[in-house]
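Asker: Residues per chain, in single letters:
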Amino acid sequence: MGNFDLLMHGFGIAITPMHLMLMVGGVLMGLIVGVLPGLGAPNGVSLLIPLTFALDPTSAIILLSSMYWGALFGGSTTSILFNIPGEPSSVATTFDGYPLARSGQSTRALTLAFMSAGFGALLGVIVITLLAGWASNFALKFGAPEYFAVYFLAFAAFIGMGSAAPMKTLVSLAAGLLLASVGMDSVTGSIRLTFGFEDLLGGISFLVVVIGLFGIGELLSTVQEGLRFRGVASKIDLRDVFKTIAELPRYWATYIRSGLIGIWMGITPGGPTAASFMSYGIARSSSRKGAPFGTGRPEGIVAPETADHSAGSCAMLPMLALGVPSSATAAVMMGGLMIWGLTPGPMLFQTQPDFVWGLIASMYVSNIVGVVLVLATVPMFAALLRIPFTIIGPMIVAICFVGAYTVSNATFDLWLVLLFGLVGYLFSRLDYPLAPLVLAMVLGHKAENAFHQSMVLSDGSLGIFFANPLVSSIMVIGIALLVLPKLVSLGSRFRRRVPVE
Amino acid sequence: MTVKVFHAELGTAVATGLLGLAGVIGATELGYGWEESGPQAGYFPFYVGLILIGASLWNLVAAFVHHRQAMAHVAGGGDAEEPFLDRERAGRLGIFLSALLAFVVVTLTMGIYVGSILYITWSAWRQGGYRLPLALGVGAGFAVALYLIFEVIFKIPLLKGPIEPLLGIY
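Respectively, the protein sequence lines represent chains D and A. The UniProt record's numbering puts the first residue of the first sequence at 1, with every later residue one more than the last. The UniProt record's numbering puts the first residue of the second sequence at 1, with every later residue one more than the last.
If you are wondering where the hints come from, they were derived from the structure by calculation, not from laboratory data. Virtual Cβ for every residue (Gly too), placed ideally from N, Cα, C. Misleading hints may appear alongside valid ones.
[Stated by the list, open to error] Computed footprint of chain A on chain D, listed as stretches where at least three residues anywhere in the stretch have a Cβ under 8 Å from a Cβ of chain A: (1) 112 to 123; (2) 368 to 379; (3) 429 to 441; (4) 455 to 461.
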């Protein structure tokens, strides 16, 4: 069967009353977590995973992915109306979105953002549809060394291409890998790094860590700023919506450029946050006429939103086909997949075609559902932010702790949430990136297994990672991603310094 | 109380370095060498721990270098760096964290329902300036919503204390 037939089959699975209801529910819940501070996409999805055990995996992933789309839309809403990015990936949207809304054109700003987001997501899903079959066939050739090389590539990309200091990214990654190795080792069967604490025997759940890092950590940052929300009126005027839609084709160049950036950053592990900043930067440097960016330029909303959502949806492709998620939320979803008993990777396409194509088809439907729903419900969700923080803050705290408890009914996890909340606050204040830690916690076991098996195959020689053209080219790309960005910046600094001295 | 960025950077680098050290020590107990069937259980954590220690040392040195530059900048008449935490922010964080800690302790002894009712009521009443009955209503309403969503709809039991059985809730 070709990709198109499989997709049609997927639509048959995705479009049932039950699944449509899950999409609407997921998008609405996503909007709530996207709008509220302290509840973002990664920990929103973490909080929901324990509730999905009763569902079959296809319904569960449709619910979780719909929540992700909703959270992305919700994040843009608060960026534009309140100048508060609900998600790290919608920071770039505040630059022009808030000024445009302040100047009395909030409907135009929101419509621009949502239509661009929807367009970006559709572009991403189309790319997934076209590449899915090819990517999974390609990945079928992979053995243990190739898999380790891919994990290495993902880690290297975070270090080399991330916006944080490389050594801080490395600390975050290594800490995640170390935390992942606590508890029973699946290869040798021995108990590791528990230091006699019985609570650690079962390991440290990445869901609990995500809830602490992203939930409590973000709340602490909100509290220290003594946040006062200064919102812009958020009534949606339908006539303005259609007028804005009519002006969209004018920005075709920005759309295509941002979409391509998003697709690239989504498939390689750059992630939506990096994609939206890069896209905004390129849109700014390539614009020659008109008002400067930062004062409410429409392109300043179109560029980050399109890239953010195309990267967000494209991040699902490496997660499904290779088992390498390229964003924190995709990492959490992949952890969910493993909890439901599915193994992400090329075999998933062979053994669970209903799951994979049901998910891909649902991404088309739920993004359209998302755009419509978000336009219809924006005033309602914006009102959520008018609830005083002294009431909504403790509620978010309680939800985070309830969510952490439901992961494995362990009271020890409550302390872990508190601890990782402090870590999350400290890390985000000092510019340590959090996504690599989550990624490393989810991939830790798989990376170690792949390494272990490769070492057994090669009798302990690292040469196996350069033994054939496939694995060596992946390793070479990984090493290049690791060192090239640093060399380039060193080189340009050197060249700049010479004429001065 | 004022905390400088320099001190926060140092503290974090030392803490991550100690985490790496703990990993290395734990791995040494397991053995990080080779046996017939391949690497021993401690092999992977051992080297990851070493990498973590190395990167933390780098960050430690980087913090010192940055600090010296900042001091030179100030000595040259430049503006001082913004502190990591000034007195006002530290106060706000301190109150929030103490309440958070109290919430966790009460939750562990009395269950999540009592914990969240007390926590939300306290925050709305003392911090938000709402009247006590209203604050209590908000807290109780939240607990009822939790009960309905988790225990009734999804059939997931939450942490309970000594009070719930007296009310006939298990």
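Asker: Verify this for me: three or more residues of the region 429 to 441 of chain D with a beta carbon less than 8 Å from a beta carbon of chain A.
Answerer: holds (count 3)
Asker: Counting residues of the region 368 to 379 of chain D whose CB is closer than 8 Å to a CB in chain A, do you get three or more?
Answerer: Not satisfied, violated; 0 residues make the cut.
Asker: Do three or more residues from the region 112 to 123 of chain D put their C-beta atoms closer than 8 Å to C-beta atoms of chain A?
Answerer: violated (count 0)
Asker: Counting residues of the region 455 to 461 of chain D with a beta carbon closer than 8 Å to any beta carbon of chain A, are there 3 or more?
Answerer: n = 3 at 8 Å, threshold three: holds.
Checked against the numbered hints given earlier, the structure breaks hints 1 and 2 and satisfies all the rest.
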